[in-house]
Amino acid sequence: MHKLSFFISAIPALLLKRKSFLLRTSCVNIFNHFVGRLIIQGIIMNILTKMAAALVCCSLALSAHSAPERNIPAKIKQLEQRLNYKKSANEKSLNDSSSKKEYADITPYIVGGGPTAPGSWPYIVALVQNGYDPYYGQFCGGSLIREDVVLTASHCVDGASPSDINVYVGSQILSEPGEDGELISVDKIIMHEFYDPNLIDNDIALIFLSKPTSLPVVPTLSAQDMDLIFPGEPMTVAGWGNMNPDGADFPDQLQEVTVEYIDQQVCSDAYDAVFGEGSVTENMLCAGTYSGGQDSCHGDSGGPLVVTLDGEVYQAGIVSWGLGTCAATGYYGVYTRVSQYENWIDRNINRYIEDFPVWDENLQNCIEQTAALNGWVSVDEVTALDCSNMGIYDLDGLSDYKNLSDLNLAQNQLYSTWALTGLKNLVTVDLSYNSDLYEISGLLASSGLQSVSLFGDYGITCLDVDQGPFTYQQLSVCYELISNLEFDDENLANCVAQNASDNGIYEVPDLYLLDCPNQGISSLQGIEQLYGLNYVYLDENIIKDFSLLASLPNLLTLSAAENPTMDSATLASITQLEDLYIPLNNLTNLDFVENMWNLRNAYFHFNDISDISGLTGKSSLVNLVLWDNQISDISPLESNTNITYLDLDTNNIEDITALQDMTQMDGMYLTSNLISDISSLENMTVLYFLNASYNDISDISPLVNAEDLQELYLYGNDGITCLDPNDSPFAYADIPEACFIPPWTDSDNDGIPDNEDNCPNKPNWNQKDTDGDGMGNRCDPDDDNDGFTDAEENRVGSNPRDPNSTPESILYDADSDGILNEVDNCPNKKNPNQKDYDLDGLGNACDDDDDNDGFSDALENNVGSDPRNPISTPETIAWDADGDGIDDSWDNCLGVSNPNQKDTDHDGMGNKCDDDDDNDGFTDEEEKAAGTNPRNPDSHP
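Be aware that the sequence shown starts at 143, since it is given in this note's numbering, and climbs by one per residue.
Please note that a few of the clues may not be correct.
[Unchecked claim] List time: in silico DSS-like cross-link candidates among lysine-lysine, alpha-carbon distance up to 27 Å:
1. 1070 with 1044
2. 971 with 910
3. 972 with 910
4. 686 with 330
5. 566 with 544
6. 353 with 686
7. 904 with 971
8. 544 with 330
9. 353 with 330
10. 544 with 353
11. 1044 with 977
[As the list claims (entries may be wrong)] Across the chosen pairs, the derived CB separations fall in these ranges:
12. 916 with 407: 52 to 58 Å
13. 628 with 504: 41 to 47 Å
14. 451 with 636: 44 to 50 Å
15. 838 with 916: 25 to 31 Å
16. 503 with 651: 31 to 37 Å
17. 660 with 503: 25 to 31 Å
18. 796 with 706: 38 to 44 Å
19. 504 with 375: 51 to 57 Å
20. 320 with 660: 24 to 30 Å
21. 273 with 358: 51 to 57 Å
22. 651 with 451: 55 to 61 Å
23. 696 with 603: 22 to 28 Å
Think of the hints as simulated: they come from the structure by calculation, not from any bench. C-beta atoms are modelled at their ideal positions from N, C-alpha and C, and glycine is treated no differently.
Sequences and hints are given; from them, build the entire structure.
This is the structure we're talking about:
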């Protein structure tokens, strides 16, 4: 079942696990061809909602859940590995039980069961992607509830056309149809009109087969019988989905497992805690086991949950959703409660006339009168209506009457036939004398029309209405019919016809999307006739020349992945493009995009591109994907400052200076390059997601302004020391402040870099840290870590650098030297002389660095320098800078020779260096000028 993955970063991997799921639905195309954009919306936004890939995009796109290893071409396998690698970091948190709720998955689920006995589930069916056999193409399940009607989940068919799906019936082994197994095409799909992809509510749909089967059907459980089922009673679910809750193990043979009906409140409480109140609605039921281990799983979606009453098997549920980790303890499979939909199923299968009213009251009266006259009950029985001259002005609702062949609407007040577009079986139509009628395009679906009367309808000007009646072919002169176009390539012609049919389009101007993946198309000759096209998807064909697309004036999007014969130069003239998706084409350069000035979204991953100069000046670019190429120079991107999502993974890039002005960037992949300097990211203030794993980065301080950063991946950048890069991901708030300090910064100019300085805001070249707490004394409010601040200790007189001297202890004389602790500069060692050479408040007896030169007394004594002379250190004792024969460690005047060491004022500075020898406040020069004695303190000017 499609239990939907929440980490939307997984969407690309899910889509590309099976190449088979590139389908002809706009929903699927959005996901397949704008993967980068969805990565932004997914990874960057981390939307916590039950709506994810399987629901946002129809299950056909997510059916990678069903068979991830069943026939993946080698190149796609590489692509899958690449994408899985990119999401692996994101999934790290899913393995952490503390974050289960934040990143909860909803993914549909048989775990803990076993293979079914032959013929035990004759009514079960597999939904298979058209063009693939059951083993490779199965993506959902279903059940036969009438010989030609399958019951399944809405999310399995959301966005799909009947031609996208075949139904495999009559066999429980996908690869062995046996005598009864066959693929049957689909005639019609009906999803519940109130299906809610956010709540996954009303997750029910009907598939009408193109022909009936002779197989048994399963009755659905009524509301009355559902009331007889109590919590704990056994139920059984079957499917071809994943059997391994921790990996991928998709069976060929149908599997089944017995589960228990779970109390609704118990189930609600479990999921409300994950997804919020109201997650499990009255339209759902839960089944599983309280201990876990047995459940439905990925690929079982849409399949039946059955219960046995009085020996009869009934379908009670449809596999819908559940927690991503199938069969988890405390969580249960959530199923559509079939009994809630008795009337809906009956109404849509039997299609009673009373349930399908038309808008116009007069037309409704005509239908009811005709039905009564003929004994018709269902809209499908209505084949002819004579509603002439009844005052009808609106035909809305009549399109439900699919089997109408003869319709008389003459002499009414009609102005349009648009509401007839859904009718394909009309043979005779009379619209005469509807004076306001101005168009007849609603008849184009009925290509078998033999007689159309338009007498007196002079609003129709494309033919002479009074020359009728007309055949379908005669009416075609009024329109540019797609069916009249000719193409050189038969495969292209077939694909165009299929696209038009799937979307109910008949006229050339109305065909705006052409989706032709893997059709064997080699020539586009004739495509220029489809001038209304906006979006063209031509992946996995063998097209060489794309130049004819330049003649499509409205073309905005081109997807042409994996066309091995592509001549990229033929793309150069398609200058109107806004979206271009061409991975897997062995491209070596991007010269062909040089004149594509409107390009907004460009995807060139998995090529061999080394030259991207063609991207120069593309100011419209918003999303750009270039991963897995050979790019080293990204300077052509320099002026493309509007890019918000950029993927440069797995290239040869060293210099990212070109990114420095991309201030609107909110998501970026730089994984597996040669980058060491990320200073260019400094101005990316709205950056939300960044993966820079496996580079040579050591400094991440340029991210200081990226305060919106929610996911930062740094795996493998082992030069980063301010955090462990292999603990990724990080949010901005998780990044230590030290990471935002550039290694070369010295804020206080003390010669010590801030990232090494124990007090980076105040000069402290000696890095003194009395209490060894890593914070230098200059910054530490409590130098001795005794619980009293330095300010408190200074105020009361205790020693702020002696943990034994505190405001409480200073009334004592701990060392019995006759000096109270409150005034003792070394209260723990006798020092009656209170000698304090460096005047730092800590007596020499307690001070391990008497001269405060940064070297301990023990070390200085050990090497022979003077521990009480700050100029004498282990580094200076071997020096005699002035050559006076006195070692600098003892010399009182280091810069000038003074062998006599004369020092008149005994201030420790020799007269040769002292500019005031007698320390009387007047310099020697001033005294000499005035005639006083410069070496007598009593003689001064």
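Is the hinted range of 41 to 47 Å satisfied by the C-beta distance from residue 628 to residue 504? Holds: the Cβ-Cβ distance is about 44 Å, inside 41 to 47 Å.
Just tell me: holds or violated, for the beta carbon distance of residue 651 and residue 451 against 55 to 61 Å? Given about 56 Å between the Cβ atoms, the range holds.
Range agreement (Cβ of residue 358 with Cβ of residue 273, hint 51 to 57 Å): Violated: the Cβ-Cβ distance is about 29 Å, outside 51 to 57 Å.
At the C-beta level, are residue 503 and residue 651 separated by a distance inside 31 to 37 Å? For residue 651 against residue 503, whose Cβ atoms are near 34 Å apart, the range 31 to 37 Å holds.
Between residue 686 and residue 330, does the CA-CA distance stay at or below 27 Å? With a Cα-Cα distance of about 37 Å, the restraint between residue 686 and residue 330 is violated, given a limit of 27 Å.
For the hint 24 to 30 Å, verify it against the beta carbon of residue 320 and that of residue 660. holds (29 Å)
Between residue 972 and residue 910, is the straight-line Cα distance small enough, at 27 Å or below? holds (24 Å)
Verify the proposed pairing of residue 544 with residue 330, using a straight-line Cα cut of 27 Å. With Cα atoms ~11 Å apart, residue 544 and residue 330 stay inside 27 Å; holds.
Could you grab the alpha-carbon distance between residue 971 and residue 910 and see if it respects the 27 Å cut-off? holds (22 Å)
Okay, residue 916 versus residue 407 on CB: inside 52 to 58 Å? Holds - the Cβ-Cβ distance for residue 916 and residue 407, about 54 Å, lies within 52 to 58 Å.
22 to 28 Å was suggested as the range; check whether the CB atoms of residue 696 and residue 603 agree with it. Taking Cβ atoms as reference, residue 696 and residue 603 lie about 26 Å apart, which means the hint holds.
Check the hint pairing residue 904 with residue 971 against an upper bound of 27 Å on the C-alpha distance. It is violated: about 32 Å lies between the C-alpha atoms, which goes past 27 Å.
Of the hints listed earlier, those the structure fails to meet are numbers 4, 6, 7, 17, 18 and 21, in rising order.
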